[in-house]
Structures are given as C-alpha cells and as structure tokens.
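Throw the hints in and build the complete structure from the sequences for me.
Top line first, the protein sequences correspond to chains A and B.
Note that the numbering used here has the first sequence beginning at 1, numbered continuously upward.
Note that the numbering used here has the second sequence beginning at 1, numbered continuously upward.
If you are wondering where the hints come from, they were derived from the structure by calculation, not from laboratory data.
Possibly wrong hints are sitting among the right ones.
Beta-carbon label-pair distances, calculated as ranges [said to hold, decoys possible]:
id, chain 1, residue 1, chain 2, residue 2, range
1, B, N313, A, Y238, 32 to 38 Å
2, A, A450, B, V412, 57 to 63 Å
3, B, N313, A, L232, 27 to 33 Å
Reference excerpt, derived from the structure (chain A facing chain B, CB under 10 Å, subset only) [to be verified]:
id, residue
4, V301
5, L348
6, L443
Take a look, some chain B residues computed to stay more than 12 Å from chain A by CB distance [stated by the list, open to error]:
id, residue
7, M94
8, M164
9, D193
10, H200
11, L202
12, P209
13, L217
14, A231
15, W245
16, F246
17, L458
18, S459
19, R460
20, R481
Keep in mind that this is a model prediction, so the values were computed, not measured.
For each residue, glycine too, the CB sits at the ideal point set by N, CA and C.
The chain contents come next:
There are 2 protein chains.
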Amino acid sequence: MGRHEDDDHAAEEEPVEERPASAVSTESLLAASVDVEEEEGADWATQSSHRLLAYSDALLSIIATVMILPVAHTKMEVDKELDENLQLLLGTKMAVYLMTFLIVTVAWAAHIRLFQVIVRIDDTLALLNLACMMLITLLPYTFSLMATFPTHILGILLFCGCVMVIGGIQSVIVLYAFGRPFLLQDQIRACEDHSVYKRHILKVLLRVPLICLLAGLCSFFCYQLSYVLLALVIFLPYISRGVLWFRDKLLGPVEEDPEQVMFYSFLPSEPLSKERVEAFSDGVYAIVATLLILDICEDNVPEPASLQQRFNNSLVAALRSYGPEYLAYLGSFATVGLLWFAHHSLFLQVSRATRVMGLLNTLSLAFVGGLPLAFRLTHELPRAALRDERRAVQASCVLVFGAGVFQLATWVAALQGGGRRTLRPAVRYGGPEHIFMLAKLALYPAVALAAFLLTCVLSRFSVTIFHLMEIATPLAFLLLRLMVRVAGALLRRLFCPQRRQPENGEENITSRVPSNALLT
Amino acid sequence: MGRHEDDDHAAEEEPVEERPASAVSTESLLAASVDVEEEEGADWATQSSHRLLAYSDALLSIIATVMILPVAHTKMEVDKELDENLQLLLGTKMAVYLMTFLIVTVAWAAHIRLFQVIVRIDDTLALLNLACMMLITLLPYTFSLMATFPTHILGILLFCGCVMVIGGIQSVIVLYAFGRPFLLQDQIRACEDHSVYKRHILKVLLRVPLICLLAGLCSFFCYQLSYVLLALVIFLPYISRGVLWFRDKLLGPVEEDPEQVMFYSFLPSEPLSKERVEAFSDGVYAIVATLLILDICEDNVPEPASLQQRFNNSLVAALRSYGPEYLAYLGSFATVGLLWFAHHSLFLQVSRATRVMGLLNTLSLAFVGGLPLAFRLTHELPRAALRDERRAVQASCVLVFGAGVFQLATWVAALQGGGRRTLRPAVRYGGPEHIFMLAKLALYPAVALAAFLLTCVLSRFSVTIFHLMEIATPLAFLLLRLMVRVAGALLRRLFCPQRRQPENGEENITSRVPSNALLT
Chain A
1 MGRHEDDDHA AEEEPVEERP ASAVSTESLL AASVDVEEEE GADWATQSSH RLLAYSDALL
61 SIIATVMILP VAHTKMEVDK ELDENLQLLL GTKMAVYLMT FLIVTVAWAA HIRLFQVIVR
121 IDDTLALLNL ACMMLITLLP YTFSLMATFP THILGILLFC GCVMVIGGIQ SVIVLYAFGR
181 PFLLQDQIRA CEDHSVYKRH ILKVLLRVPL ICLLAGLCSF FCYQLSYVLL ALVIFLPYIS
241 RGVLWFRDKL LGPVEEDPEQ VMFYSFLPSE PLSKERVEAF SDGVYAIVAT LLILDICEDN
301 VPEPASLQQR FNNSLVAALR SYGPEYLAYL GSFATVGLLW FAHHSLFLQV SRATRVMGLL
361 NTLSLAFVGG LPLAFRLTHE LPRAALRDER RAVQASCVLV FGAGVFQLAT WVAALQGGGR
421 RTLRPAVRYG GPEHIFMLAK LALYPAVALA AFLLTCVLSR FSVTIFHLME IATPLAFLLL
481 RLMVRVAGAL LRRLFCPQRR QPENGEENIT SRVPSNALLT
Chain B
1 MGRHEDDDHA AEEEPVEERP ASAVSTESLL AASVDVEEEE GADWATQSSH RLLAYSDALL
61 SIIATVMILP VAHTKMEVDK ELDENLQLLL GTKMAVYLMT FLIVTVAWAA HIRLFQVIVR
121 IDDTLALLNL ACMMLITLLP YTFSLMATFP THILGILLFC GCVMVIGGIQ SVIVLYAFGR
181 PFLLQDQIRA CEDHSVYKRH ILKVLLRVPL ICLLAGLCSF FCYQLSYVLL ALVIFLPYIS
241 RGVLWFRDKL LGPVEEDPEQ VMFYSFLPSE PLSKERVEAF SDGVYAIVAT LLILDICEDN
301 VPEPASLQQR FNNSLVAALR SYGPEYLAYL GSFATVGLLW FAHHSLFLQV SRATRVMGLL
361 NTLSLAFVGG LPLAFRLTHE LPRAALRDER RAVQASCVLV FGAGVFQLAT WVAALQGGGR
421 RTLRPAVRYG GPEHIFMLAK LALYPAVALA AFLLTCVLSR FSVTIFHLME IATPLAFLLL
481 RLMVRVAGAL LRRLFCPQRR QPENGEENIT SRVPSNALLT
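Here's what the structure looks like:
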C-alpha cells in the first residue's frame with residue numbers, strides 16, 4: 001500500500017483537465033510529443049527506478065538460487081553408500097552452487113551501488129539494464145562450464161568475457177546517466193563538477209572487468225593463475241569486510257579513512273539499501289519455497305498406466321505410498337516459511353543495513369538456497385538404510401543451522417555499538433522486544449542443533465521424526481510469545497500490583513521509558 | 001529507494017537514547033516487555049503489511065507460472081509428427097496450466113481483497129498468512145491430480161478440501177483482525193459497528209468454499225456436476241466482469257448498484273491495488289526469464305565423457321553444436337524482457353487499476369507464462385523437419401501475440417471514459433506520450449503477427465530467422481523513439497520556427513498545455 005508514495009509521479013495529484021480529447025488535432029499531438037521530448041528533465045519522461053530495481057532483484061535472486069536445482073536433481077544411487085554420494089555432491093556441485101551464489105551477489109552488490117548513484121531512469125536506461133541482466137543470467141552457465149572443464153581455457157575465457165561485457169554495459173549506463181544529470185542522485189546533481197564523480201565511479205566499476213581481462217590473458221599460459229585472480233574478485237570484498245569487522249570488534253570502532261571508503265564505493269556515505277536487501281531475500285525465500293512444490297507436482301502425480309498395474313486402480317493407495325513425501329514437503333515449507341518470518345521480523349526492526357550485515361545476510365541466504373537439497377535428501381531416502389537416513393537428516397540440520405545462525409549473526413552485527421544507527425529502539429539492548437527477538441532468531445539454530453545431536457544419540461531417529469519436528473516448530477513461535485506474556489504478567493503482579501494504567505496505546509516508547517524505570 | 005517512507009516505523013526518526021544499555025536490569029526488561037505487549041495498538045507490535053504482501057505476491061506468481069514446466073518438459077518425440085504432439089500438448093497439459101494459472105489468480109485476488117481490509121499485521125497474522133500460502137501451493141498439485149484422473153472422485157475431494165481449508169484460515173484471519181481493530185483499514189476502524197463489515201466480509205469470503213463443499217458432496221453421486229460447479233467458481237468473476245465491461249462500452253457507463261458492488265467486494269469503493277498487480281506481474285516475468293536459463297544450465301553443459309567421445313575433447317566444437325539453443329535463449333530472453341518493459345511503461349502511467357484491467361493483465365500474464373513452452377518448442381526442433389519448424393514458430397507467435405495483445409487491451413480498457421480516473425495525463429487522448437505508448441504496446445502484437453504471416457507465405461522461414469527477429473525487436477524500441485523525435489523536429493521546424501524556448505525543464509504538463517495549443 002502506498003509503496004510509491006515517495007514517487008514523483010504518484011505524489012502529484014494531476015489536475016483534472018476539462019478539454020475534450022477530440023479538440024486536439026493529431027498535429028498538435030506530434031508537436032507536443034516532441035516539444036516535451038526535448039526537455040528531458042520533464043517529470044514523466046524520467047521514471048522512478050523503484051520497479052526496475054524490484055524486477056532486477058527478483059531476477060538476480062532467482063538466478064542465484066536456481067543453480068541448486070542441478071545439485072538437487074542429481075540422481076542418488078541407492079545401492080551405493082549415501083556417504084559417498086554426499087561427498088560427491090557436497091564436494092563439487094555444492095561448491096559450484098555456492099560460488100555461483102556468491103558471484104551473483106557480487107554482481108547484485110555492484111548493481112545496488114550503481115543505482116544508488118542513478119536514482120531516476122528513462123527508457124534507454126531500462127533497456128540497457130535489461131541487457132545487463134541478460135548477461136548476468138549467463139554467469140551461472142559459464143561458471144558451470146568452467147567448473148565442469150577446469151583445464152579447458154574456453155570456460156575461463158567465456159566467464160571473463162561475460163564479466164567484461166557486463167562491465168562495458170555498466171560503463172555505458174554511467175556515461176549515459178552523467179550526460180543527463182537529472183537522472184543522478186541529488187547530492188551528485190547539486191555538485192558542480194560531475195566529472196570527478198564520473199571518473200571515480202568508472203574506476204571502481206572497471207576494476208573487476210580489468211582483473212577478469214588479466215585472468216583471461218593469463219589463462220593462455222598458466223590457467224591456475226587465472227583461478228587465483230578470479231577467486232580474488234569474488235572473495236576480496238568478503239574477506240576485507242570480515243577483517244575490518246573483527247578489527248572493529250577487537251579494537252573498538254575506528255573512523256574509516258574517507259579515501260579507503262571511496263575505494264570500495266561510489267558515494268562517500270553510502271548505506272546498503274535496506275529495501276533491496278529485503279527484496280533480494282524475498283526472492284530467494286520465494287523461489288526455494290516453490291521449487292519444493294514443483295518437485296511434488298512433477299514427481300508425485302501417478303501415471304494412469306502404473307495406477308492400473310501397481311495399485312489396482314485405487315488412487316488412494318497410490319497417494320498413500322507418497323505419504324512420506326507429503327510430510328517432507330510440509331516440513332520443508334514450514335521451515336522455509338518460518339525462516340522467512342524470522343528474517344522479516346529482524347528486518348522490520350532494522351533501520352539501516354551495514355555492509356557486514358549484508359554479507360552475513362547473503363551467507364544466510366546461501367544456506368536457505370540449499371534447502372531444496374535437504375528436501376531431496378530427506379524425501380528420496382525414507383526407504384534407504386537406517387544409517388543413511390540419519391546422514392540425510394544431519395545434512396539437512398547443517399543447512400538449517402547455517403541459515404539460522406547467520407540470521408542471528410546479522411542481528412549480532414547490527415547490535416555492535418548498541419545498534420544506535422542500525423536498529424530501532426525496541427530491539428536494542430534494553431528495548432522491550434530485545435529478548436523476544438533473540439528467542440525468535442535463536443529458535444532455528446537451537447532446533448537444528450538439537451535434531452543433529454539427537455541423530456547422534458538415538459539409534460532410531462528417523463526422517464519422519466525430523467519432519468514432524470519441522471512442522472511443530474511454528475507452534476513454538478506462538479508458544480514463545482505466550483510464555484513471555486505469562487511470565488511478564490506474573491512478574492508485574494509480584495513487583496507492582498498498583499502500577500498506573502497506560503493512558504494511550506499510541507504513546508511512543510521513549511515516553512514509556514520513565515514509567516518502566518519506576519518498576520525497578 | 002524510500003519504498004517504506006509511508007511505513008509508520010520508517011517515518012518516526014527515533015530520538016537518541018543516552019541511557020547506557022548496562023543500566024537496565026533484566027527484570028525491568030521483562031516487565032517492560034510485557035508492559036508494552038499488553039497495549040497491542042503500540043506502533044512496533046504491529047507491522048506494515050507491505051513486505052508480507054510482496055512476499056505473498058512473489059510466491060503466488062511463481063506458483064501460478066511454475067506449472068508450465070511439466071508442459072515444457074514433456075518429451076517431444078521427433079519421429080512422430082509435431083502436429084500430433086502439439087495437439088496433445090495444447091489440448092491437455094496447456095489446459096491444466098491455464099486453469100491452474102486462473103485458479104491461483106482467483107486466490108490471489110481474494111488475498112488482495114482481504115489485505116485491503118487488514119492493513120497492519122502482527123506475528124500471528126503473518127504465521128496464519130504463511131499457512132494460507134502453503135495450502136495455496138497445494139492447489140496446482142491437487143488440480144493436476146484431478147486433471148490426470150478425472151473420473152476418480154479423490155482428486156475432486158482433495159481440491160475442494162484444499163479450497164475449504166484456505167477459506168477456513170482466511171475466516172480465522174478475519175475474525176482475529178476484527179478482534180483487534182487497530183489492524184483494520186482506517187475507514188472500517190472509524191466505523192462504529194464493525195460487526196456489519198465482519199459479517200459481510202465473511203459472507204463474501206465463504207462463498208467459494210461453500211460452492212466447493214457442494215461440489216465435493218456432489219462428486220459422490222454425479223462427478224460431472226462437480227466440475228460444472230468448480231468451473232463456475234473460476235470463471236464467474238471473469239465472465240461477469242467481461243459482460244459488464246461490454247455493456248458499459250455499448251450502452252455507456254452505468255452507475256453500478258452499490259448492493260451489487262458489495263456483492264463482489266469487501267469495501268464499497270475498492271480499486272485494485274496497483275502495487276500488487278505490479279508485484280505479481282514482476283514475479284511472473286522474472287520466473288519465466290529464469291526458467292529459460294535453468295534449461296540452458298541443465299541441458300547444455302556437456303558431459304566430460306561425451307566430450308571425449310563425440311567431440312575429440314574439443315570444448316569449442318561441443319559448444320558450437322549448441323549454437324541454435326543459445327540463439328533461442330537470447331531471443332526468448334529479449335522477448336520476455338521487452339514484454340516486461342512494455343508492461344512497466346504502461347503501469348508507470350496507470351494511476352488506478354480497475355478490475356477489468358486486472359483481468360486483461362492476468363490473461364496477458366497467462367500467455368507470458370507460456371513462453372517457456374515456446375522456447376522449448378523452438379530450441380528442441382531446429383533439427384526436425386521443415387514443416388514442424390514452422391509449426392513451432394507459429395505456436396510461439398500465438399503466445400507472443402496473446403501476451404502483447406492483452407497488454408494493449410489493458411491500455412484500451414484504461415482509456416475508457418478518456419482514462420481520467422485510470423491514467424496519468426501524459427498518455428490520455430491528447431497527451432504527449434499517447435501515440436508513443438500505442439506504438440510501444442502495438443509493437444509485439446505486430447511483430448508476432450508479421451512473423452506468423454511470414455511462416456505461411458515463405459517456405460523457408462526457419463526458427464533461426466524467428467530468433468533473430470526476436471533479438472532485433474529491442475532495437476525497434478530505440479528506433480521508434482528516434483523516429484518520433486526526428487519527425488517531430490521536422491514538423492516543428494515547418495510550422496513554427498520561432499516558438500518560444502521553454503524557460504524551465506521542471507515545469508509541469510498542465511502549464512505546458514497552452515504553449516502547445518499555440519502551435520496548432
């Protein structure tokens with residue numbers, strides 16, 4: 001509702017024109033069309049970039065996640081040990097998935113930076129952006145080629161070529177936008193000399209394509225060096241951010257050198273766009289949830305012929321044989337849904353996302369993207385040997401744990417320095433929702449850890465129990481709120497039976513702080 | 001950017017609290033937590049429903065579209081005639097896809113109506129909504145069962161049961177929200193007697209589940225009747241709206257009976273939420289675009305073993321054999337991207353979406369969802385017989401034409417009555433962008449029609465030419481703008497060489513209208 005309220009277009013309530021449409025001749029139409037076309041600063045010739053960015057986020061999140069499908073669809077050979085299969089899977093295909101995910105998120109981060117500078121678009125920019133998106137969709141493919149044939153240089157060349165073309169298109173976007181300053185962010189627009197910004201942005205933008213060019217050239221005489229260079233591109237931002245974060249945590253926050261900040265970003269003070277982090281996360285959760293139903297729809301509709309042969313034409317009997325898979329679906333959907341819910345609750349209280357939070361969130365999403373594999377593992381194997389079943393549950397636990405624990409880490413990162421710049425008051429230290437948020441975010445890691453430990457201890461821990469646990473977890477959320485409420489009511493009754501009634505439900509938190517302070 | 005500006009949370013700039021976190025004891029924390037918990041009207045206990053709705057839209061659009069995959073993945077038998085295959089496909093599986101799409105959009109429309117009444121959410125509502133989503137994901141599956149085994153009543157019972165449970169959850173949502181009026185829309189909240197609204201909404205909400213209950217009961221003695229009832233549920237809103245629209249067009253707009261309006265909706269004056277139409281459409285376009293790359297990633301990475309055997313270990317030769325498929329991918333992505341672009345341009349100028357526009361948009365999206373099939377048809381068949389190739393192109397043309405022509409129809413519907421309530425001034429009759437919008441929206445239907453006619457006339461029209469046409473179309477968009485501009489410049493020079501310069505690029509359209517009027 002009113003998502004566009006900030007949009008220039010939506011805000012202007014157009015005055016009702018009373019001129020009848022037929023009074024305008026075609027000629028005047030044409031003339032008018034050009035008349036306004038000339039003044040390109042006109043409000044309606046440019047467009048708020050909001051929907052373009054939402055669509056790009058949707059595309060990028062789906063592209064990042066969809067590479068889990070080749071992993072999940074790998075045929076499990078039941079006669080072999082699952083261990084061996086798992087090693088094969090987790091060793092190579094999972095690595096490809098994870099790397100693709102990281103590559104796409106690097107591209108996504110670059111896209112965010114670019115469209116923090118260019119805040120309005122026109123038709124040409126929209127088309128250029130679509131071309132850029134098309135090339136980004138090719139990244140997973142070229143990367144698979146590179147991973148499947150590591151010794152063929154063609155894979156490296158294609159991947160590097162792809163990255164270079166993307167860099168080229170992005171440079172064209174920057175040049176185009178700087179030629180039409182009304183498209184730019186107000187801060188830069190107000191600045192007298194655009195060319196300083198332009199040169200700086202191009203320099204940051206072209207760094208990655210240049211490394212890729214180097215990697216491509218290297219591949220002709222020493223392809224191992226190319227891989228080192230490419231790994232540098234993908235991991236450098238993560239590593240440098242991680243090191244900075246740990247340094248800040250150990251030595252206290254250090255004022256960052258403006259020069260150094262500028263080296264990594266386009267704008268001097270540039271927070272990560274919280275909306276885009278949310279949109280990207282929503283895309284990942286949505287595609288993961290629906291990949292599950294796709295599997296059900298493709299595999300669990302019995303063939304009419306086999307119904308006759310195997311089940312004596314009884315549809316009930318045929319569907320009953322799928323029972324464990326329905327349970328697996330319900331459990332997995334509940335898990336994905338609840339992880340989304342925890343993410344939603346967290347980001348509702350985030351007022352500003354820092355880069356470290358963005359990185360931790362990306363890692364959490366990478367684990368979420370792996371959940372279709374957990375689904376496959378636990379639903380293809382209910383009939384396999386006992387030990388394998390426990391292995392499948394353990395692998396699933398690891399994925400769920402990873403997804404949950406990095407969400408928790410995102411919150412912990414936000415709490416650094418009291419969370420004054422990153423969190424709303426309610427969930428900071430001392431805020432009324434602080435404990436509750438901790439409980440919400442710690443629930444999944446705790447459940448996953450408990451399930452993992454149970455598989456080690458109990459010899460008869462089955463996939464079915466795991467799925468029932470998954471389905472029961474949502475109730476824990478509601479129970480949690482109830483428990484906090486009951487405990488609080490008891491405490492209140494014990495400590496201050498005659499506390500004053502709050503006069504108004506709309507009063508804000510700060511006005512309530514003194515009345516709370518009375519209680520202690 | 002600033003998408004949340006309207007959100008209660010984002011708007012309040014929290015005052016900086018200077019109390020150190022450690023000064024707050026755990027007891028006061030707990031007490032405070034309950035203290036505020038009690039007053040559930042507190043700003044931060046409830047949440048703007050924006051992100052929940054965006055996530056629901058993403059889920060629903062993917063669920064609606066994903067059923068095209070079983071259609072697209074049907075193995076084409078090259079030894080049979082494609083005609084026969086096409087008939088088989090288009091006859092049964094396409095019907096299942098289309099019906100599923102319509103069913104999901106009916107559920108989506110109900111979801112929109114519900115969350116136009118409930119504008120704020122809390123944790124319980126978020127969890128109830130997720131449960132509702134989970135059941136909606138089961139609709140495509142139960143529908144496939146029903147379609148595969150039309151004579152087994154189990155399919156009908158499962159489908160009806162699913163719809164009834166969804167209705168039940170939605171009723172619980174309504175009852176819960178009416179128990180906490182601060183969650184409701186302001187208009188209803190301000191109203192003294194909520195129970196009238198509550199009863200009315202429940203009545204509208206439970207109509208479909210009741211028909212399904214009836215259909216389920218019918219299935220025990222006459223399952224054909226059940227299908228008639230279910231068809232009623234799905235098509236009734238479309239048919240009644242269509243009839244109303246044609247009546248309005250033929251006889252002029254009639255003031256609708258308030259009673260009748262209330263019969264179909266929850267609120268007396270309820271426009272379709274434009275944001276949600278956009279979000280749903282974005283989801284469909286995004287998933288279609290990425291289903292394409294998924295096919296490429298799964299099928300076109302050669303196996304290391306086959307590389308050795310078939311291509312003498314030359315990766316270049318192996319990839320060259322996929323050439324036509326890359327071309328197909330580029331063409332299809334360009335088509336999907338451009339159709340999104342046209343949709344984006346259109347909705348940028350839409351100020352208010354009516355129900356008829358919503359329906360036409362849904363039909364357009366149903367065709368867009370079919371595009372992966374077009375991709376499959378045209379990329380699996382470059383090696384088949386000539387006649388089949390032309391058939392595949394023709395089927396693709398029909399899909400593209402459908403997608404484009406219903407976009408155009410959406411605009412035509414918006415223009416009814418001069419578009420005063422539905423469109424921004426720029427694209428109304430006489431607006432400076434009117435002709436340009438027409439050209440944009442008419443481009444794809446025209447190209448598809450041209451391609452279709454060419455396949456009938458030319459005997460050597462191949463899939464390759466079709467894809468090249470698809471790739472070339474984006475250039476037509478840019479060419480179009482250039483042509484309009486050049487023509488306009490010429491006209492201006494001919495008719496008024498000494499027209500006054502516009503003093504300011506920021507002036508709005510209405511102030512420009514007189515200066516345009518001078519030109520004629």
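Review point. Can you list which hints this structure breaks, lowest number first?
Key: Going through the list in order, the structure violates hints 6 and 20 and respects the others.
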